[in-house]
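Sequences are here, hints too, so could you generate the full structure?
Chains as they are written, first to last, in our numbering: chain A, 132 to 609; chain B, 3 to 453; chain C, 3 to 265.
I should point out that these hints are in silico values taken from the structure, not numbers from a laboratory.
Here the structure is a predicted model, which means the values were calculated and not measured.
Wrong hints could be hidden among the right ones.
Below, simulated SDA-like cross-link-like pairs (lysine to any residue); rule was C-alpha separation at most 25 Å, straight line [stated by the list, open to error]:
1. B:K371 - A:R483
2. B:K388 - C:E155
3. A:K474 - B:R364
4. A:K474 - A:D194
5. A:K480 - B:R65
6. B:K388 - A:S550
7. A:K544 - B:E401
8. A:K544 - B:L78
9. A:K474 - B:L406
10. A:K544 - B:L406
11. A:K587 - C:S147
12. A:K544 - B:R339
13. B:K388 - C:G156
14. B:K347 - A:I487
15. B:K371 - A:Y516
16. A:K474 - B:K371
Listed here are the chains, written in short residue letters.
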Amino acid sequence: MSSSVQTLVNRPYKYGFVTDIESDTIPKGLNEDVVRLISAKKNEPQFMVDFRLRAYRQWLTMDSPTWPTVTYPPINYQDIVYYSAPKPKEKLKSLDQVDPTLLETFEKLGIPLTEQKRLTNVAVDAIFDSVSVATTFKEKLAEQGIIFCSISEALHHHPQLIEQYLGRVVPIADNYFAALNSAVFSDGSFVYIPKNTHCPMELSTYFRINNGESGQFERTLIVAESGSFVSYLEGCTAPMYDSNQLHAAVVELVALDNAEIKYATVQNWYAGDANGKGGIYNFVTKRGLCQGANSKISWTQVETGSAITWKYPSCVLVGDHSVGEFYSVALTNHYQQADTGTKMIHVGKNTRSTIISKGISVGHSNNSYRGLVKIGPKADGARNYSQCDSMLIGDNAGANTFPYIQVQNQTGKVEHEASTSKIGEDQLFYFQQRGISLEDAASMMISGFCRDVFNKLPMEFAVEADRLLSLKLEGSVG
Amino acid sequence: MMSSPVKSQLDGVTMPLDHPPTATDNLQRLLNNRPPVTRCPWLGELRQRGLALASEQTIPTARDEEWRFTDLSALLNTQFEAVQEPLVSPNPSELTTDYLANTIRLVFVDGHYASHLSDVSGLPNQLIVTSFSQLTPDQYPLLQNYLGKQTGNEEVFTALNMACLVDGALIWLPPNAIVPCPIHLLFISSAFASPLAAYPRCLLVAQSGSQVTLVEEYKSLGAGVQFTNGVTEIWMDDQSMVTHVRVQRQNNQAIHIGKTAVSQGQNTTYQSVSVGLGGVLGRHNVEVVQVGEQSQTLLYGLNVSGEQQVIDTHTSITFTRPHGTSQQLQKAIAGDRSHTIFNGKLVVPKAAQLTDASQLNRTLLVSPKARVDTKPQLEIVADNVKCTHGATVSQLDGEEIFYLQSRGLPIPYARQLLVDAFTTEIISHIPLPQLGASLNQAIRQRVNHPM
Amino acid sequence: MTIIDESDVILSVKDLTAEVDGIPILKGLNLEIKRGEIHAIMGPNGSGKSTFSKVLAGHPAYGVTGGTITFLGEDLLALEPQERAISGLFLAFQYPLEIPGVSNLDFLRVAYNSRLKAQGKPELDALDFDDLVRGKLDIVKMDPSFLTRSVNEGFSGGEKKRNEILQMALLEPKLAILDETDSGLDIDALKIVANGVNQLTTPDKAVLMITHYQRLLDYIIPDYVHVMESGRILTTGGKELALELESRGYDWIRDNELVGVAE
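Next comes the structure, spelled out in structure tokens:
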């Protein structure tokens with residue numbers, strides 16, 4: 132045995148099935164009429180139509196970013212379906228009226244939605260292609276004044292909140308994909324936690340792309356009023372298609388004084404096959420605004436899917452003493468490409484941020500950490516600690532680290548550490564000599580490598596994340 | 003847009019400007035004004051190559067990743083004249099400093115060799131330490147395989163230097179030559195009536211088993227604006243060792259853009275200590291390529307900036323063969339409204355298994371308006387490697403100052419002590435104690451002045 | 003897996019040859035170890051002692067080019083490293099590896115359970131295992147805090163070696179190979195380690211010590227001492243051979259050998 136590390140034989144992607152359902156799908160292509168049509172289908176208020184059109188016109192003037200270390204052929208934006216929704220049989224009165232095919236789909240994905248089977252401590256908003264099909268525990272949460280619903284619904288019932296906050300953290304002109312999303316987003320989740328309210332359960336959105344030709348452009352907005360707390364988790368899967376689908380989401384978080392938002396993502400979009408064919412282009416803008424004093428936003432992500440990932444969940448720390456955190460595990464395999472990291476923008480005094488990033492590159496994949504820590508001139512006493520570790524498995528994988536550090540205040544303090552390691556043959560042999568198989572050995576070492584991040588996930592998802600990584604790696608060593 | 007009128011200007015006629023300068027204009031203006039090569043006609047071909055490479059480009063802007071944080075507007079807004087012949091003949095007493103007493107010395111003024119200031123007496127046999135202009139025709143071929151042959155010539159300022167080359171320093175070490183004393187290269191830029199541009203060049207070829215300490219120093223005569231665009235090429239054959247001290251202390255109006263390109267053969271050790279103090283803009287690019295196995299690269303760097311200086315170091319170490327090692331410690335102190343920049347790249351391709359590379363970047367901000375942009379960067383495609391990097395940015399530690407105060411030291415003295423401790427880690431690697439002392443003094447002046 | 007029980011022979015090595023990177027290291031090695039025996043292989047640096055231990059354990063960098071190894075009646079060379087471990091062969095490493103991020107306790111539990119699983123026995127849950135392992139700590143005088151630290155990470159030389167013996171105590175091997183276990187140990191640590199090994203040695207098991215110095219043999223008394231040179235065993239004797247080597251050096255053996263050849 133010359134080398135213990137060999138090419139990966141992946142377990143089949145178990146979420147790769149397609150649901151056969153009748154859809155309301157608009158023709159491919161994008162122009163102002165399509166933007167208006169999406170808005171009209173959702174019967175949106177005028178401010179929303181204007182918002183979308185402004186974004187669309189802005190988008191036309193922009194270019195897609197070229198700086199990430201990812202390569203892909205140019206995307207034909209006229210070849211994408213911008214709206215696809217399962218046809219409702221009739222107007223829904225309750226969850227029990229949701230199309231059984233859809234309920235079945237989500238059950239198969241491990242997200243049961245019906246009253247009898249649903250997860251007891253997690254409220255779920257289930258999004259299928261362009262629309263939200265069901266939200267559990269909505270009424271129960273409403274008793275405490277918590278709003279958890281699809282963003283389309285929020286536009287009808289809470290338009291003032293949407294108008295106040297939408298585009299506030301991620302302006303429409305922020306970047307190419309954010310502009311596109313602002314023009315065409317179809318659905319997503321809206322969360323509002325009132326003052327001094329501790330959200331009693333995990334909130335979760337599950338995104339499912341079903342249509343092979345549609346893009347998914349969801350929009351999530353979470354507003355945490357003073358003194359409130361919410362923990363939110365999103366999950367995502369898609370069927371296996373030979374073609375690539377575009378997913379360009381925008382997530383905006385706002386935390387007011389003393390509020391805390393924990394946002395976790397377990398991203399398992401279809402990553403393409405072993406030869407790099409197919410898979411999702413995951414071009415996402417996620418940003419949290421710590422607007423209030425002592426507010427806190429933490430991003431935790433476990434990224435294992437997508438053909439290409441381009442995302443930098445960020446924190447803008449405006450409130451004095453506010454805290455931003457980013458914990459990330461990104462695993463790439465086969466021909467996957469990931470360019471991911473975070474931005475911590477320190478504006479207020481005594482703001483603190485922590486970045487822990489673990490990248491694992493396997494096969495022919497390329498995994499880049501790209502981060503920015505910026506301490507502005509007024510951010511007296513700001514602190515950042517960053518740790519970016521990479522692990523390489525096999526000698527065709529790439530790991531890059533691009534940490535930008537910009538400090539404009541002498542009282543700021545930034546510490547950054549990065550290392551690259553490997554699963555070495557001698558370490559594997561040590562495990563084997565104690566009777567432990569190669570796969571168990573690799574899986575233990577990877578869990579150990581990622582432990583700092585898994586510790587930050589809600590318990591049940593930490594287990595899920597660990598399992599996800601082990602599955603992904605099955606057969607990659609040995 | 004500019005191509006046709008510009009082409010017609012290349013024979014030396016400067017057209018008056020009828021519109022504000024742009025990046026293209028200014029590079030072309032520098033190229034149009036390039037000094038004629040009189041003493042080394044054999045450089046013509048190389049200059050043509052440089053001209054061709056540079057003519058396709060413009061002066062970089064913030065949109066170029068390599069220049070993202072480095073403001074080149076000072077270069078755009080000034081019209082520089084090239085130095086056809088050395089205009090000044092400095093008095094040796096103005097230049098010689100005690101730390102140079104026992105060195106072999108080549109002095110260049112505005113890129114031209116100044117023989118009356120140089121001293122190559124006591125050179126061991128077989129060793130060539132001279133200027134290009136002093137070479138005999140039978141020696142030209144020596145340079146053919148080396149001069150302008152490092153990778154990266156297409157980089158705009160490397161190409162500009164090549165296009166404008168008039169002279170340079172040559173250090174040629176035969177196999178196993180061990181040079182007993184440091185070789186000192188002093189590049190003087192003069193700044194008097196009008197802003198001048200100079201294009202110094204150095205070529206060091208260390209054949210197998212040879213060892214040398216090279217001190218490369220950039221200084222100013224006069225306090226005005228000047229542009230110095232230097233390139234140093236270092237070729238290291240198997241088993242050779244080069245210790246390279248580079249000191250850039252031009253005046254605070256100077257624009258200095260310099261490059262050191264190093265190619266390391268098998269089992270070589272390249273150690274560099276680079277100190278950047280001068281210039282309104284002082285930029286140093288270091289590009290080391292380990293082309294042989296088991297090579298070692300040690301980079302120590304210190305930039306100290308005050309006033310409104312921008313001091314910028316970009317380094318890259320590329321490993322191409324197994325068992326390479328590198329250690330890098332890059333420090334910076336920024337005071338006043340100055341801006342310090344570092345970009346450190348480690349590139350480990352698949353062939354470079356068993357690389358062991360570490361990099362540490364530490365920045366001290368000593369004034370409320372100072373700023374830093376730093377990016378330690380790893381690009382790795384080999385799995386059996388050990389690479390680490392770290393970066394810290396902070397001010398002087400209040401606790402430490404308090405501790406020293408409590409032992410009776412006044413605050414300025416306490417700060418002085420801590421700054422000294424910070425810089426000593428770099429300066430102590432300079433093998434010439436007197437040069438180290440002289441730098442320490444310069445650094446103290448700079449750091450103390452605003453406090 | 004069948005264990006042929008009628009024989010007392012645990013390990014039988016015949017005409018073993020092996021190489022590293024194409025360079026022959028073992029050049030016809032013969033050795034037989036029976037139940038209850040303690041063997042020591044001594045020899046100068048470069049004689050192939052450590053190579054022999056790695057070959058027995060199945061390290062991928064060492065290639066066997068000839069000969070046979072029978073372990074408990076089975077062809078050892080046909081087994082993967084973890085199968086060798088599970089069938090009862092244990093190597094205490096000269097340089098135990100550091101495994102950042104993996105806790106010592108998890109490592110020990112997975113190792114222990116891998117063996118149970120292979121034997122078709124139910125695995126121990128975390129709590130039961132915790133009790134089991136705490137009971138073994140005293141054998142090597144180890145503090146329970148070592149269990150929660152990453153495997154060998156930041157351990158001193160002595161702590162690493164004690165950790166090796168703790169693993170041996172848990173895995174109860176039929177043949178324990180101690181590769182230079184005494185290197186880097188002060189006398190107190192050496193006594194703890196030796197004492198641990200002695201406690202674990204029972205009449206149905208065997209120990210093979212590989213060592214450069216006689217020192218360890220003061221505490222773990224061997225039945226047989228083999229002297230290795232240039233990839234072969236040159237001579238075999240009782241424990242007194244080790245003392246002889248200590249006082250007269252390895253050259254003495256070489257001279258004997260030359261004389262022997264001349265005769």
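Hints versus structure:
Of the pairs offered as hints, the one joining B:K371 and A:R483 holds, with about 21 Å between alpha carbons and a cut-off of 25 Å not exceeded. Taking the CA atoms of B:K388 and C:E155, the gap is about 17 Å. The hint holds against a cut of 25 Å. Simply put, A:K474 and B:R364 have alpha-carbon atoms about 21 Å apart, close enough for the 25 Å limit, and the pair holds. The hinted pair formed by A:K474 and A:D194 meets the criterion: a straight-line CA distance of about 21 Å does not exceed 25 Å.
Annotation: proposed proximity of A:K480 to B:R65 is violated, straight-line Cα distance about 31 Å (limit 25 Å). Between B:K388 and A:S550, the direct Cα distance comes to roughly 7 Å. Compliance with the 25 Å bound is thereby established for this hinted pair. Of the pairs offered as hints, the one joining A:K544 and B:E401 holds, with about 14 Å between alpha carbons and a cut-off of 25 Å not exceeded. Under the criterion of a C-alpha separation no larger than 25 Å, the hint pairing A:K544 with B:L78 is inconsistent with the structure, at around 34 Å.
With a C-alpha separation of about 37 Å, the suggested pair A:K474 and B:L406 falls outside the 25 Å cut-off, and the hint is violated. Taking the CA atoms of A:K544 and B:L406, the gap is about 21 Å. The hint holds against a cut of 25 Å. Only pairs whose Cα atoms come within 25 Å are accepted, and A:K587 paired with C:S147 is accepted, the gap being roughly 24 Å. Proposed proximity of A:K544 and B:R339 is supported: the alpha carbons are some 18 Å apart, at most 25 Å.
Pair hint B:K388 plus C:G156 holds up; C-alpha atoms about 18 Å apart against a cutoff of 25 Å. The hinted pair formed by B:K347 and A:I487 meets the criterion: a straight-line CA distance of about 21 Å does not exceed 25 Å. Restraint check for B:K371 and A:Y516: satisfied, since their Cα atoms lie roughly 22 Å apart, inside the 25 Å limit. Simply put, A:K474 and B:K371 have alpha-carbon atoms about 22 Å apart, close enough for the 25 Å limit, and the pair holds.
Hints 5, 8, 9, counting from the list given before, are not met by this structure.
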